[in-house]
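There are 2 protein chains.
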Amino acid sequence: MEMVSINELELNKKINIGTVTLSEQDIIDYAKLNDPLEFHIDRKAAEASIFKGFVASGSQIFNNLHKTGWIKLFGHSVICGLEVNNWKFIRPVYANQLIKGTVEPIIINKNKEKGHAVIAWRYEFTDTKGELVQILEVTVLHKL
Amino acid sequence: MEMVSINELELNKKINIGTVTLSEQDIIDYAKLNDPLEFHIDRKAAEASIFKGFVASGSQIFNNLHKTGWIKLFGHSVICGLEVNNWKFIRPVYANQLIKGTVEPIIINKNKEKGHAVIAWRYEFTDTKGELVQILEVTVLHKL
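Residue numbers (this note's numbering), protein chains in the order written: chain A, 1054 to 1197; chain B, 1054 to 1197.
There's no promise every hint is true.
A pair holds if it fits inside one copy or across any two, identical chains being indistinguishable in the list.
What the hints assert, rightly or not - No farther apart than 30 Å at their CA atoms in a straight line, the calculated lysine-lysine pairs in the DSBU-like style are these:
1) K1067 <-> K1105
2) K1097 <-> K1182
3) K1163 <-> K1196
4) K1141 <-> K1163
Hint data in this document are derived by calculation from the structure and do not stem from the laboratory. Computed from a predicted model, the values in this text were never measured in an experiment.
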C-alpha cells in the first residue's frame, strides 16, 4: 500500500485497507494485553460462552487493519485524532475467519487557510459472505 | 479492587477505576503495537508535532484503565460488548502525566427473564486539575 494524498480523497468512495485472519493465539495475546476477559483467553471459558469458541476482543480487528492498512495510506498526514463514534460490534469475529476492511471519508471539511482538514472515516469490516461484522467512524485532523 | 455485582449498580453513580501515569516508553511501545504514527514513536516527530512532545495514542488511557480497573470490577459478568460511542479526545495525554479514571452506568436495562442486562458505561478520564482529557461510552451485555 502507498501513501495517499488527502487532497485526492473522494467523499463516500470506499478504499480497501486489506484483510486479516486472526489465529487463536493472536486473539489470546491481544486480549491478555488489552481486554483480558476469561472467554478471550481461556479455552474452556471460550467454549462455555455464547460464542462457543474463541472470538476476538471488540477492538482487535480495527486495531489490526488500522495499523497494517489505514496508517500506511493516510498516517503521514495525521495531526491528531478527535473522536470515535458508532462503533458497532455486529457479529463476532472467530479465530481463523477471513475479515476484509474498507474505509471511506463520510465528511471532508477542508480549511485551506489553516492547511488542514477534518475527515470522518467510516470503517467497515466484512466476512467472506460480504456481511458486516463491525463498523465505526473515526474523526481525524489531517494536514492538507 | 474487588468484583462488583451488576445487581448492586446505581444509575449515574461514579465508580473509581484507578489512576495511570504513562512513561515515554509506555507510549512508544503501545503505539508500535497499535497506532504507529511517527509522532507517537519518534522523539523528533513528537517535538515537531502540535503537542511538542510525546502524547499517548488516543485509545491507550482507556485500554489501560479498562484492563487494570474496570475488568477487575465488572469483567466477571460480561457476555459481550455491543457498541462504543461519543469517544472524545478532548486534551492530549502527555508522558508522565497522572490521569484518573471513573465509570458510571448511564443506562441499565435489565431483562430478568433472560438473566441479563444491557449497560451503557460512561468513562471519564481527568487530569490533576480535574479537567476532562477524554470521555467515552461503552455498551455491554452483562449477566445478572
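Here is how each hint holds up against the structure:
no.: 1; hint: K1067 <-> K1105; in the structure: neither (33 Å within a copy, 34 Å between copies)
no.: 2; hint: K1097 <-> K1182; in the structure: within (29 Å within a copy, 45 Å between copies)
no.: 3; hint: K1163 <-> K1196; in the structure: within (10 Å within a copy, 46 Å between copies)
no.: 4; hint: K1141 <-> K1163; in the structure: both (28 Å within a copy, 20 Å between copies)
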